[in-house]
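Novice: Make a model of the complete structure from these sequences and hints.
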Amino acid sequence: MCPPLLSRGLRDDPSRRALVCESYVMQNSRPTGIRCPPPHFRKELPVVSSPTSVAAAESVGTPADVALNLYRSMRRMRALENALQKVLSTGEARFPSYPIRGLEATCASIGLAMQPSDYLSTTYRCLGDVVAKGVPLRGIAAEFLGRVTGTSKGKGGSMHLSAPELGLMATTGIVGAGAPIACGLGLAAQLEGNGQVAVTTFGDGATSIGAIAESLNLAAIWNLPLVFVCQNNQWAEHTSISDYTRNTELTSRAEAVGMRAVRVDGFAPLEIHAAVQAAVEEARAGQGPVFVESVTYRTKGHSFGSENRYVPAEERKAAEARDPVVAFRLSILQEGWHSEDTLSSIDADVDEEVRDAMEFARSSDPTPPEEMLRDVYGNQEDSRR
94 MCPPLLSRGL RDDPSRRALV CESYVMQNSR PTGIRCPPPH FRKELPVVSS PTSVAAAESV
154 GTPADVALNL YRSMRRMRAL ENALQKVLST GEARFPSYPI RGLEATCASI GLAMQPSDYL
214 STTYRCLGDV VAKGVPLRGI AAEFLGRVTG TSKGKGGSMH LSAPELGLMA TTGIVGAGAP
274 IACGLGLAAQ LEGNGQVAVT TFGDGATSIG AIAESLNLAA IWNLPLVFVC QNNQWAEHTS
334 ISDYTRNTEL TSRAEAVGMR AVRVDGFAPL EIHAAVQAAV EEARAGQGPV FVESVTYRTK
394 GHSFGSENRY VPAEERKAAE ARDPVVAFRL SILQEGWHSE DTLSSIDADV DEEVRDAMEF
454 ARSSDPTPPE EMLRDVYGNQ EDSRR
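Count along the sequence shown starting at 1, add 93, and that's the number in the numbering used here.
Hints in this document: simulated from the structure, not taken from any laboratory. Wrong hints could be hidden among the right ones.
[Unchecked claim] In silico DMTMM-like links for lysine to aspartate or glutamate, alpha-carbon gap of 25 angstroms or less:
| # | residue 1 | residue 2 |
| --- | --- | --- |
| 1 | K246 | D468 |
| 2 | K248 | D468 |
| 3 | K179 | E445 |
| 4 | K246 | E408 |
| 5 | K246 | D458 |
Specialist: If you want it as structure tokens, here you go:
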């Protein structure tokens with residue numbers, strides 16, 4: 094028994110077709126009349142002894158260690174975004190820009206939970222995810238400014254970056270398009286059997302896109318090692334979540350297909366990290382996909398230059414008062430995990446790193462027109478025709 098769409102595409106490669114068909118049979122063959130319990134009814138998972146999982150668990154460290162790593166990552170996102178926004182404000186350069194203010198804790202948690210070899214596909218509001226996945230700030234800044242030294246040679250710009258060597262497979266300007274890509278990445282990881290996990294992120298508005306619903310269902314059916322992270326910032330462009338869906342608890346979208354789902358406070362970095370870490374390791378252990386909804390708030394406009402007067406002032410002020418970067422810094426000090434000197438040192442290092450990244454981008458050559466058609470085909474000679 095083979096999945097028809099897959100077997101059709103692999104009919105010329107018997108060995109790979111056999112692998113796909115074997116996987117399909119394993120996932121879809123069960124005795125008549127017996128139903129598997131939904132994933133969200135599972136008991137607590139045992140400790141996984143695979144090398145990758147052990148390494149991941151050991152890398153997490155104490156709450157103080159995790160907090161410091163999260164803060165550093167969040168601070169890098171905030172500083173780089175501020176620098177790039179200044180470039181736009183002064184007219185030095187022009188590029189599409191979608192603010193991530195309010196999402197930093199979610200992005201940092203995803204990056205810290207993933208292994209370098211794990212796959213990530215994300216959206217056009219990607220700056221935080223790209224930073225968290227380990228793409229050098231020099232490469233990001235140069236890419237946003239359209240320089241040949243950018244991580245995608247200046248051809249991806251601010252919305253379509255990729256760094257496969259770092260596990261960043263795609264950022265896409267098409268709403269919801271990262272999820273089907275992630276299903277393919279999850280299937281590849283499943284077939285390779287090397288312990289990799291795929292993660293895809295998207296906003297709340299994307300949950301109304303058919304591609305998300307289809308991806309959730311497919312991932313659940315095939316038990317893919319895939320984590321869906323919904324960055325619920327309460328607004329789909331200019332529309333409030335309560336105006337486009339009756340059920341604002343978006344975990345229900347995943348639960349409807351039998352997928353385990355968890356809802357967390359998007360302003361609580363340690364809570365988000367714990368949820369994403371557990372989801373990633375569950376997927377890595379072969380226990381199937383997980384949906385994580387991080388409830389946060391977008392305090393800026395949908396894109397740079399767009400006003401957000403449509404946002405109720407009280408809601409915006411309440412969200413701004415919970416600024417995850419500022420609030421988490423204060424929390425670290427109050428818990429006594431680290432000193433002001435330690436955090437100030439991180440702040441200074443990050444600011445210097447961002448200054449260096451922006452200087453590098455400015456001093457790099459713009460991507461020349463003849464480069465635009467390169468990398469389109471595997472054969473570079475074909476690309477130059």
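Novice: Decide, hint by hint, whether the structure agrees.
Specialist: Hint-by-hint comparison with the structure:
1. K246 - D468: holds, 10 angstroms
2. K248 - D468: Holds - the C-alpha atoms of D468 and K248 are around 10 angstroms apart, at most 25 angstroms.
3. K179 - E445: Holds, at roughly 16 angstroms.
4. K246 - E408: violated, 40 angstroms
5. K246 - D458: Since the Cα atoms of K246 and D458 sit roughly 10 angstroms apart, the hinted pair holds (cutoff 25 angstroms).
The earlier numbered hint that this structure contradicts is number 4, and it is the only one.
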